[in-house]
Amino acid sequence: MEQLGIEPKLLLAQIINFCIIVVVLSKLLYKPILGMLEKRKKEIADNLVLAEKLHTEEEKLKLKRQEVIDAAKQEGLMVIEEAKKQASKEGKDIVAEAHKQSDETIRRAKAESERIYEETQMNIRKESVNVAAAMAKRLLSSILSPGDQRKLITMHIKEIEDFAKKQQN
Amino acid sequence: MPHISLAAERLGSFLGFPINNALVTTWCVMAILIIGSFCATRNMKEVPNAFQSIAEMVVGGLYDFFSTISGKHIQKVFPLLASLFLFIIAANWVGLLPGVGTVGFFRPEETEKFVPLFRGATTDINTTLALAIVAVVAIQYYGFRTVGKHYSSRFINITNPINFFVGILEIASEVSKIVSFAFRLFGNIFAGEVLLAVIAFLMPFIVPLPFLMMELFVGFIQALVFSMLTAVFLSVALMHGSENHA
Chain A
6 MEQLGIEPKL
16 LLAQIINFCI
26 IVVVLSKLLY
36 KPILGMLEKR
46 KKEIADNLVL
56 AEKLHTEEEK
66 LKLKRQEVID
76 AAKQEGLMVI
86 EEAKKQASKE
96 GKDIVAEAHK
106 QSDETIRRAK
116 AESERIYEET
126 QMNIRKESVN
136 VAAAMAKRLL
146 SSILSPGDQR
156 KLITMHIKEI
166 EDFAKKQQN
Chain B
5 MPHISLAAER
15 LGSFLGFPIN
25 NALVTTWCVM
35 AILIIGSFCA
45 TRNMKEVPNA
55 FQSIAEMVVG
65 GLYDFFSTIS
75 GKHIQKVFPL
85 LASLFLFIIA
95 ANWVGLLPGV
105 GTVGFFRPEE
115 TEKFVPLFRG
125 ATTDINTTLA
135 LAIVAVVAIQ
145 YYGFRTVGKH
155 YSSRFINITN
165 PINFFVGILE
175 IASEVSKIVS
185 FAFRLFGNIF
195 AGEVLLAVIA
205 FLMPFIVPLP
215 FLMMELFVGF
225 IQALVFSMLT
235 AVFLSVALMH
245 GSENHA
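From first to last, the protein sequence lines stand for chains A and B.
Here our numbering is used: the first residue of the first sequence is 6, the next is one more, and so on.
Here our numbering is used: the first residue of the second sequence is 5, the next is one more, and so on.
None of these hints come from the bench; they were simulated from the model.
Check each hint, because a few of them may be wrong.
[Stated by the list, open to error] Only pairs whose alpha carbons sit at most 25 Å apart, straight line, appear in this in silico PhoX-like list of lysine-lysine:
1. B:LYS76 - A:LYS46
2. A:LYS44 - B:LYS49
3. A:LYS46 - B:LYS49
4. B:LYS49 - A:LYS36
5. A:LYS170 - A:LYS156
6. A:LYS44 - A:LYS32
7. A:LYS36 - B:LYS80
8. A:LYS58 - A:LYS47
9. B:LYS49 - A:LYS47
10. A:LYS47 - B:LYS80
11. A:LYS14 - B:LYS181
12. A:LYS105 - A:LYS115
13. B:LYS80 - A:LYS32
14. B:LYS76 - A:LYS44
15. A:LYS44 - A:LYS67
16. A:LYS36 - A:LYS47
17. A:LYS78 - A:LYS67
18. A:LYS78 - A:LYS90
19. A:LYS32 - B:LYS49
20. B:LYS117 - B:LYS49
21. A:LYS36 - B:LYS76
22. B:LYS153 - B:LYS49
23. B:LYS80 - A:LYS46
Hey, can you work out the whole structure from these sequences and the hints?
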């Protein structure tokens, strides 16, 4: 024992030293480090769960977005189709209205022109009757004698009286 | 020839208490471990700095390693096992530092005898024996604490003569554990230091380097063996109780 150097006091001192090491390291090293490792482990686990949840949410949102896009596309196509139909119908209506208006305008123009034509003819006739009467008056006054003129007037009065009698009957 | 002494050299005494060079080195190792732990954990952050990372790697690695042996009892026994490993590895490696075993003085009364100021803590049988006693006593303590008074049936069982004899063998086995723990560690590390001293005496340059590397490895292996065997014996003790309960 002596040759090996075993001394009870030193042995006790080393036992106490090691016990101090165990206690101090437990408080100073293992507890905080293991606590931190556990905390980090928990945080990582929580974050993984959260990430998984977010991933699922993202997938759902992607699907929803796709659905909305598809619906919007469908609706857009329908609106375009409807607009095309509406435009086509309105185009036809406008053309029909234009046709109608042009026909009306043509008809009115024709009527107006006919009226003007009639009026002009009437005026021409009147004018020509007046001219003929003036000419006849000048000719008759130079050609016929006053007795012939009286005979002619009497004949015409008689004709007028006959015409009037016929009208009365 | 280099000075080789099986027993640690006494440096003096304080109030009648003997102080040898291995005890001084033990205090240095304790200081290194305590200051290192304090520095590693004084300002802990979620994103660790280099020192905290190393501490986390070491403590986390040890925890995972001993978990494979101790299983559900790891929370209870981890401080003891990790302290055994850290203390032994630190003591073994500090013994390899320059100055340990080489810086000292000659006693005035015996001028021929060189007394080193520091000596590897685990090259003193008092240290290894103290560690062995703590380990074996802790095994019994955790056995009683976990299993209860029924744990004593492992050593004292008078149900039949065979069990009684087995109990005596168990007691002898526990005592032999102390001896084997103490002398395995002491023998390996002391032999390593002697080897290094002899090699350094014969070939002071370059040649000791491979041996120094080997001693670093031996220091690690011995710390691992000591703590791992303690973990295994602890598991056996705790399992013995649960088996008997079942």
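Hints and how they fare:
A distance of roughly 18 Å separates the Cα atoms of LYS76 of chain B and LYS46 of chain A; the hinted pair therefore holds under the 25 Å criterion. Pair hint LYS44 of chain A plus LYS49 of chain B holds up; C-alpha atoms about 11 Å apart against a cutoff of 25 Å. In summary, the hint linking LYS46 of chain A to LYS49 of chain B is supported, as the alpha carbons are separated by about 14 Å, within the 25 Å threshold. In summary, the hint linking LYS49 of chain B to LYS36 of chain A is supported, as the alpha carbons are separated by about 15 Å, within the 25 Å threshold.
Taken as a hint, the LYS170 of chain A and LYS156 of chain A pair is honoured in the structure, with Cα atoms around 21 Å apart against an allowance of 25 Å. The straight-line distance between the Cα atoms of LYS44 of chain A and LYS32 of chain A is roughly 17 Å, inside the 25 Å bound, and the hint therefore holds. Distance restraint check for LYS36 of chain A and LYS80 of chain B: the Cα-Cα separation of roughly 12 Å lies within the 25 Å cut-off, and the hinted pair is therefore satisfied. Among the hinted pairs, LYS58 of chain A with LYS47 of chain A is consistent with the structure: their alpha-carbon atoms are about 16 Å apart, no more than 25 Å.
Restraint check for LYS49 of chain B and LYS47 of chain A: the C-alpha separation of about 15 Å stays at or below 25 Å, so the hint holds. Proposed proximity of LYS47 of chain A and LYS80 of chain B is supported: the alpha carbons are some 21 Å apart, at most 25 Å. Proximity of LYS14 of chain A to LYS181 of chain B is assessed by CA-CA distance (about 22 Å); at most 25 Å being required, the pair is judged to hold. With a C-alpha separation of about 15 Å, the suggested pair LYS105 of chain A and LYS115 of chain A falls inside the 25 Å cut-off, and the hint holds.
With a CA separation close to 14 Å, the supplied pair LYS80 of chain B and LYS32 of chain A stays within the 25 Å bound. Under the criterion of a C-alpha separation no larger than 25 Å, the hint pairing LYS76 of chain B with LYS44 of chain A is consistent with the structure, at around 19 Å. With a CA separation close to 34 Å, the supplied pair LYS44 of chain A and LYS67 of chain A exceeds the 25 Å bound. Pair hint LYS36 of chain A plus LYS47 of chain A holds up; C-alpha atoms about 16 Å apart against a cutoff of 25 Å.
The suggested pairing of LYS78 of chain A with LYS67 of chain A holds, with an alpha-carbon distance near 16 Å, which does not exceed 25 Å. The suggested pairing of LYS78 of chain A with LYS90 of chain A holds, with an alpha-carbon distance near 18 Å, which does not exceed 25 Å. The suggested pairing of LYS32 of chain A with LYS49 of chain B holds, with an alpha-carbon distance near 17 Å, which does not exceed 25 Å. Under the criterion of a C-alpha separation no larger than 25 Å, the hint pairing LYS117 of chain B with LYS49 of chain B is inconsistent with the structure, at around 52 Å.
Taken as a hint, the LYS36 of chain A and LYS76 of chain B pair is honoured in the structure, with Cα atoms around 17 Å apart against an allowance of 25 Å. For the hint pairing LYS153 of chain B with LYS49 of chain B, the CA-to-CA distance comes to about 44 Å; that exceeds 25 Å, so the pair is violated. Among the hinted pairs, LYS80 of chain B with LYS46 of chain A is consistent with the structure: their alpha-carbon atoms are about 20 Å apart, no more than 25 Å.
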